[in-house]
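A.B. asks: Listed here are the chains, written in short residue letters.
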Amino acid sequence: MYRWAQDLWPICRSLTGEGVRITLNYIQNLLPELVIHDVPTGTKAFDWEVPLEWNITDAYIADEFNTRIIDFQKNNLHIVGYSIPVDKWMYLEELEQYLFSLPQYPDAIPYVTSYYKKRWGFCLSQQQRKQLTNQNYHVVINSSLKHGVLNYGELIIPGRSKQEIFLSTYICHPSMANNELSGPVVTTALAQWLEGLGNLRYTYRIIFIPETIGSIVYLSRHLSTLKKNCIAGFVITCVGDDRAYSYMPSRHGHTLADRAAKHVLKYHTANYDTYSFLERGSDERQYCSPGVDLPVCSIMRSKYGEYPEYHTSLDDLKLVTSEGLQGGFDVLSKALMLIENNAYYKTKCLCEPQLGKRGLYPTLSQKRDKDIYDMMNILAYADGEKDLIEIAEITKQNALDCLPIIEKLIHAGLLEEIKY
Amino acid sequence: MYRWAQDLWPICRSLTGEGVRITLNYIQNLLPELVIHDVPTGTKAFDWEVPLEWNITDAYIADEFNTRIIDFQKNNLHIVGYSIPVDKWMYLEELEQYLFSLPQYPDAIPYVTSYYKKRWGFCLSQQQRKQLTNQNYHVVINSSLKHGVLNYGELIIPGRSKQEIFLSTYICHPSMANNELSGPVVTTALAQWLEGLGNLRYTYRIIFIPETIGSIVYLSRHLSTLKKNCIAGFVITCVGDDRAYSYMPSRHGHTLADRAAKHVLKYHTANYDTYSFLERGSDERQYCSPGVDLPVCSIMRSKYGEYPEYHTSLDDLKLVTSEGLQGGFDVLSKALMLIENNAYYKTKCLCEPQLGKRGLYPTLSQKRDKDIYDMMNILAYADGEKDLIEIAEITKQNALDCLPIIEKLIHAGLLEEIKY
Amino acid sequence: MYRWAQDLWPICRSLTGEGVRITLNYIQNLLPELVIHDVPTGTKAFDWEVPLEWNITDAYIADEFNTRIIDFQKNNLHIVGYSIPVDKWMYLEELEQYLFSLPQYPDAIPYVTSYYKKRWGFCLSQQQRKQLTNQNYHVVINSSLKHGVLNYGELIIPGRSKQEIFLSTYICHPSMANNELSGPVVTTALAQWLEGLGNLRYTYRIIFIPETIGSIVYLSRHLSTLKKNCIAGFVITCVGDDRAYSYMPSRHGHTLADRAAKHVLKYHTANYDTYSFLERGSDERQYCSPGVDLPVCSIMRSKYGEYPEYHTSLDDLKLVTSEGLQGGFDVLSKALMLIENNAYYKTKCLCEPQLGKRGLYPTLSQKRDKDIYDMMNILAYADGEKDLIEIAEITKQNALDCLPIIEKLIHAGLLEEIKY
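Chains as they are written, first to last, in the working numbering: chain A, 5 to 424; chain B, 5 to 424; chain C, 5 to 424.
This is chain A alone, in the form it adopts within the complex (with noise of 0.2 Å):
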């Protein structure tokens, strides 16, 4: 995953453009079924329509010496997103109005767009602000904004039931690493793990999409499918550095997803952070919205504006690391064969059964382990109205442990799955 990361580092991202299109060929390189689509500008998703297509290939501040100052060159995000076409000279005090930088971070260069308005301008750590002298400057941007196409990828991994689980992804982030290379890592990893189980029980459905306008365009296709046949799903941002694991639940909280993502939380690691949906600020917005309301939720790490170096130059590949993503990786896999795995159980006979004729049990009446409760808990608790998450949060275990208890009461005519 790192070195897919450092592979797309490079690339220059937006919401449409070339940047999109490589990012999206390199993924389906990994994931051969990964369809590309292409959404003309002006087509009509909602409240919303799909913007020019913007590209660029150079932009830079030269002095009067045609010393590159500020050079996109150099890294990207010196650029406004969707900055208009500019080659102007402007003496320094003009020139101060088209320029970002953050104060409290002086060797942060900042992520600003402009999308739906046009602007142009240059964003630069406030060091290098600093050093700009009341000179004459040339101002050049090589961009163009024009009727085009917005792209996504979507990969459909087929089960055995229609009954699908999501996920979403986002690839509109230039040279940013936890927010916004690690989702579309993670998730590529994710798929090829998904193709690799094979046999799964349900449909997964995988997407790569600019944020927001991408989530409304894609809903406006799909929303009837996926409110019928959705059952969990997540949103997957900010899954690279190896500083924290959060939970961003959906608009009310109590999905399968939430449910899922919750429990492996609490069994992969000491503490985790709780969001309220009121810090939201990924496509869970449109997910999560009035009547769309799909049962979606995130699980990250270091959630996006809640660490220093969100979205800004900062957000680099030294912040992301294998560790954090193979985390990221590891927590969304176990939420994922948790969803898998979830049913509702039903213990087969009356009362307790005779585990010891069955080797189950120890015949002699002393002290029992840890073991030998839990099992004698899942037959307690598997009264067909409860799916594997809530037997296990009452009797106090980690559910996928319970998977290879369940499999032997299965085994042993003990219990049965009753539907999921």
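Everything labelled a hint here was simulated from the structure, so no lab data went into it. Hints may contain errors.
If chains are identical, the list can't say which one is meant, so a pair holds when it fits in one copy or spans any two.
[Claimed, not checked] Straight-line distance between alpha carbons at most 20 Å, and here's what the computed SDA-like set of lysine to any residue pairs gives:
{"hint": "1", "residue 1": "Lys400", "residue 2": "Gly285"}
{"hint": "2", "residue 1": "Lys48", "residue 2": "Pro110"}
{"hint": "3", "residue 1": "Lys390", "residue 2": "Gly257"}
{"hint": "4", "residue 1": "Lys121", "residue 2": "Thr367"}
Starting from the known structure of chain A, fit chains B and C onto it as the hints suggest.
C.D. replies: For chains B and C alone, coordinates are given in the frame of chain A:
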């Protein structure tokens, strides 16, 4: 309000009699639409019946030199309410059984009544009592208990809907201020304010009654209407001092009145005292009784029974202040405004609307301020299944502050009121 | 009760056999209506079947001089329950595998059984074990395992209603006192007390069974009746020491038995230990299993598994006391009384009744005492939708103390029982 309280202060009120009528006439002067009703002695009302009308012109204890030691003309609390007429000479030893004082509050004349058993008695401060000597006293009460009427005032302010908000206060207490001149004067001010607002959604039913027997009589005449139309109500009592805010729930504590009261109090004051219905003591005893079950609670300043001056001569116009009354008015008028404007709202488009193109959202992706989040949160939770109070509670906003935002969103075509 | 415990102490009880019959006969002497049932070996009961009947007359380990080192005649715990017959000479080295002791409790003989696997063994204190030397020992167990019967006792005390309260205790433990002579003796005392009360609302079904197999056999014969008629039940176990009170909930913890147990315990003792159903260990394992789901919980003194003497020879008649047994009896009889009298009540008039005219309320308006408030609170919450336990919980009263008040209110025509 304070001036009204001063005017009403000296009147000797009780369940019935001239003092009540003078008080109601004074209020009718301020609220010309007020209708004053007469209910004859002996009228049945559920388990009760209207008692004899009580009037009193003079009363005193005089010493052997005819000097008035205890004088009803100086303080109408000196007489046990509903005292029968007396004109006797008796030595202190015999007199003692007719005297009531409070050893723990030596300066306070207690407030004592005996509505339903024929009795007489004098109330005096412990200081005064200590000065009585073992001599022959002349005890005179010029009172009458006759077939007459019970009076109450009723004001209906019609609204667009037949659904009603109910306000009940009581006018049966002699010269005491927080409990209970504050209730009638704040209720009068609220009624004037509501009349001034005009174009009200709800009809307001406002009554000025004697406590207990008055509410029972009123319910016996209007229960079916109230049960059908009343959506929320408040017993207005103890709203005049400036030491505390208090909340007394309805019997189960979950009515619209309760929800509005708690929401308004939370934003109106840094902290307020929440009591249990077990600590009830006013007309919610009737309004919330089994089978009546009106959605009625109380918002108070210092609650009856909970402040040292309660039911004594120390509950006077020094304890009640202009600021205290204004605070009572403010919090109750906010609660009424909130109920008046409470409704179920629904966001009209799927997914977030594009606020930028409507000038409701910054076009540049930088830190948004709280106003933007508040608006987004209203849109996110306006799913047609939550009323304004619930939306405001979830999104941690003052519901009254949401009203201009909601108006703006409705005007922009993004939100609709679907029911109230 | 303590004398009965002394009488029953020396008998060697197990799942089956002569010891159980002697015990049941002793109880039948105290409860002549008790019916003793025989269930033949091999009878199927759900996943189980009745085991062979076990009897034992003598057992010992003797040294080379024929001196009994370990002697069943001195303590019946010395023998692993259901030991097969043995008569062998063996050196200590070989004998070791048949010996059970507790290093952490050097004076205690542990209680060990092997009901469902043919085995033999001796239990002894760690002290005794240390004194064994490497010599040839004569090991003798005069026991028999034969087709026979499983016995249990059943007592039905008829009430006015077919609805039943179910009491279950077990008579399969050899010489141990809290667990488990206390259960049978307290249950016997409860049965005598119930018979003495007469005119019971509910029918009482009281059984004395061997644990686990006994409750499974009993359920296999009476499940449909119990599911139809049983409104509450208690497993009566560990009710004899005077150190603690404990509560073991039913599987979901919300039955009438649970509600009564918790209410009674709260007022009976300053604090009691609440356990989780995950810590269950007696016949609630069967009564609360999925599909059985009887409303059964336990009120105990020191809970099985939670006191150091548990399942050893130290659980003796010094640990169990007259006071301990009486406390167990008292709290259980209170719970039964509460359930017997629990009902839904409704205040018969709208608004508060006028209590003064009935002599139930002071006629002078001064501080009322708690009794008056308690009565008013019952009237305020008796809305026909809450039973006595709920009314008492809400109004913070001991439900048993409400009974005389309720009787007075019913007599005054102010309250009615509408259902139970």
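A.B. asks: All hints, please: hold or fail.
C.D. replies: Evaluated hints:
1. Lys400 <-> Gly285: between (32 Å within a copy, 17 Å between copies)
2. Lys48 <-> Pro110: neither (41 Å within a copy, 81 Å between copies)
3. Lys390 <-> Gly257: both (18 Å within a copy, 16 Å between copies)
4. Lys121 <-> Thr367: Classified as between; 6 Å across copies, 77 Å inside a copy.
Violated hints amount to a single one, hint 2; each of the other numbered hints is respected by the structure.
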